[in-house]
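Sequence order for the protein chains is A and B. Everything in the first sequence is counted per our numbering, starting at 1 for the first residue and increasing by one. Everything in the second sequence is counted per our numbering, starting at 399 for the first residue and increasing by one.
These are calculated hints, taken from the structure and not from any lab test. Backbone N, C-alpha and C define an ideal beta-carbon position, used for all residues, glycine too. A portion of the hints provided could be inaccurate.
[As the list claims (entries may be wrong)] Chain B is faced by these chain A residues, among others (derived, beta-carbon under 10 angstroms):
no., residue
1, Phe-5
2, Gln-9
3, Tyr-19
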Amino acid sequence: MNFTFSEEQNLFRDSIRRYLEETYPFENRAKTLEHPNGYPEELWQSLAELGWLALPFAEEYDGLGGSAVDSMIVMEEIGRVLLVSPFLSTVLLSGQLIAAAGSESQKRDLIPQIGAGQLKLALAFAEANSGYDLAHVSTSAVKEGNGYRLNGAKCAVFNAQSADIIIVVARTSGAVDDQEGLSLFRLDPTMDGLEIKNYRTHDGGTASDIVFEDLFIPDKALLGDVGTAYPHLQKVIDQASVALCAEASGAMWAISEQSGVYFKTREQFGQNLGSFQALQHRLVEVYMKCQLSQSLVYDAVCALDDFDVLEQSADGDTTNIAQKVSQKVSAAKYQVGLDARSVGQEGIQFHGGMGMMTELPIGHYYKRITMINATFGDPRYHLKRYRDTMCQSIISAT
Amino acid sequence: MDMKFDAQAEGFRAEVRSFVESNLPDDIRAKVSEEEMILPRDMMQRWHHELFKQGWGCPSWPVEHGGAGWSDEEHYLFEREIALADAPRPIPYGVVMLAPCLMEYGSKAQQEKFLPGILTGDQLWCQGFSEPNAGSDLASLKCRAERDGDHYVINGSKTWTSDAHVADWMFGLFRTDSSGRKQQGITFLMIDMKSEGVTISPLENFEGTHEVNQVFFDNVRVSVDNRVGAENEGWGVAKYLLGLERFGTAEVGRSLASLGRLKTLAKTVKVGSGTLLNDSDFMNEVARAEIALRALEVTEQRFLFGPGGSESMGAEASMLKVRGTEIQQDILELAHQALGYHAHAMIDVASPENDHNPAAIAKAHYNFRKTSIYAGSNEIQKTIIAKAVLGL
Chain A
1 MNFTFSEEQN LFRDSIRRYL EETYPFENRA KTLEHPNGYP EELWQSLAEL GWLALPFAEE
61 YDGLGGSAVD SMIVMEEIGR VLLVSPFLST VLLSGQLIAA AGSESQKRDL IPQIGAGQLK
121 LALAFAEANS GYDLAHVSTS AVKEGNGYRL NGAKCAVFNA QSADIIIVVA RTSGAVDDQE
181 GLSLFRLDPT MDGLEIKNYR THDGGTASDI VFEDLFIPDK ALLGDVGTAY PHLQKVIDQA
241 SVALCAEASG AMWAISEQSG VYFKTREQFG QNLGSFQALQ HRLVEVYMKC QLSQSLVYDA
301 VCALDDFDVL EQSADGDTTN IAQKVSQKVS AAKYQVGLDA RSVGQEGIQF HGGMGMMTEL
361 PIGHYYKRIT MINATFGDPR YHLKRYRDTM CQSIISAT
Chain B
399 MDMKFDAQAE GFRAEVRSFV ESNLPDDIRA KVSEEEMILP RDMMQRWHHE LFKQGWGCPS
459 WPVEHGGAGW SDEEHYLFER EIALADAPRP IPYGVVMLAP CLMEYGSKAQ QEKFLPGILT
519 GDQLWCQGFS EPNAGSDLAS LKCRAERDGD HYVINGSKTW TSDAHVADWM FGLFRTDSSG
579 RKQQGITFLM IDMKSEGVTI SPLENFEGTH EVNQVFFDNV RVSVDNRVGA ENEGWGVAKY
639 LLGLERFGTA EVGRSLASLG RLKTLAKTVK VGSGTLLNDS DFMNEVARAE IALRALEVTE
699 QRFLFGPGGS ESMGAEASML KVRGTEIQQD ILELAHQALG YHAHAMIDVA SPENDHNPAA
759 IAKAHYNFRK TSIYAGSNEI QKTIIAKAVL GL
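My request is simple: use the sequences and hints to build the entire structure.
Below, the structure written as structure tokens:
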């Protein structure tokens, strides 16, 4: 057992931190967000050069073969500096979904382009009434001639506005909550008949609501096999949930550190804020929450990596392992969500009136943390998912 | 980063597990599974003797003194396995605390006199630190030791002394000079509990257990040979002692065992036509506790097996004590809630079809309010973190 990063991983983290601190210091953030997509176009090419965009993909698709630990490092650093970019949407969601569900030729076509920074993607999965249930899909794709007829609507499609390809989860068979019968289609956002409503999000990014009305898409738009998307989607969303936990963890540490600096410099009643025990103990709670949350991120990340190894070598049933991994993901998403919320709120309170000001990062961390909680399942949702698995194993234990 | 133990460590884990399975007496296991921390002298010694025969009596000691020469991983797995199996905690005062101090600060003669008895478990110790007016503020202690030739004469009292009623010896801190800073003028002495002038007065917890005592000293004479370190320099020895415990302060293994019992309870306690398992609100609480415990477990592992290893762990360890005790209390509180009306009786009156022990659970739940107070209250631990980790 060891919790030491490899030399390579330490260098990778250093390079990320140096680049982000130099290129996207918080003082310039408001200006950067004025770009229509929330980030400057040159960012994407820089990320490609730094190796982020090819990071998790297999070497046979020009990827770097990175682990979940490597993705975690990127996300933690993104969290620290509140970077707005389509990294999660393109690489960890869409790219990983293509890697998991796509046909061989689709993977060979698309993944190298993602890695090289030539393609940005968005994943349209959530619907107005789906809550956080990935199986709840009412958008339908009905077979018609040499294609499909698409009807329905998707909401909160992150980064669709800047995407070259939108991947849509649609139902090709079954009832609205069935896990079976879900398929993936790749869409060109500029195609006729696509009704896209773009908006800015509270974290400075963009998202879109998309309506499909009798939209005809050709057979070749189908990604992977028809009707089999759910387990791939579930796995990729689990991975991305852990990535968001890592981002939240990075933000939590930043809040804790910035609050510590404020405690040592801000004076009231002739002494530093940090000399008041009522505040000391609250910052200690914040510090402990940072540590405990980070531990659950590590736990989930290692479970994902072990799962990948097991899956590659497995010839039998991996259902049970998949359930255990999902349980660890939910543990992290629950606890990190609760703790990040609390740490963010404390950070604002610690800074007093200044905590409410837009020129301080504190409130922006809190907005991002809050959005993370409302993405892929909030703490309540994940506690329930964890509990259900736990109760099942209590029942089956002798 | 790798959160798995290697094959060698797993082999060791299996060895410990099978050893405990075959050698832990049932009556002791039952007592510990009822969350009893302070065991009768006979039980402590019987279990320690089993470990001693195996060469595991004082595993953390240097090999030349009878230690096991284990790696950090092996120490960790040992503590975890004995906790999971409801074996007693290691004998705290002699084995874990005094012996390392004697190795660091004691004379050769002191080491030869005391270490063998601690190693075999024949000699039991208690710790005389707290006083009626020196709790969290330990350095304000007043119990006097006045020099009289080659003896000290002790007058005053120590309190909250766990195990004083079963111990042969006490080590403690005594005031030899009150002219300077309160941390100066403290001397570390070892006292034979059979000395003339020592009176042990039992203190009863509100739930009825006798774990702690007040010990009175009336002109008790202690030879200077029983002083550890120099006169007036006992505070340094005490600080060394308090910094010793790296393994086990989080008590994760114990809490995992308690959580296992809580789950069994949820499965067996009938509510209406089903069991507590069908009560999703209750099971949410159990899930919440399990997740909190896992977060603590990994945090402890990160501190022990991160860059720099266990040696680099500093005041961060205080958070293991804070969260560890909060979780212990939380789990027992849930167990108590699970019992409903059955939690009232002081003897076991539940139907025989339930294998749980409501009286013991209720009692332990009350008893464990102590954990956030003892060994440096959780508020003191937070102040330590604020100063030493956050630099406030």
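Hint check:
no., hint, result
1, Phe-5, "holds, 6 angstroms"
2, Gln-9, "holds, 8 angstroms"
3, Tyr-19, "violated, 23 angstroms"
Checked against the numbered hints given earlier, this structure breaks only hint 3.
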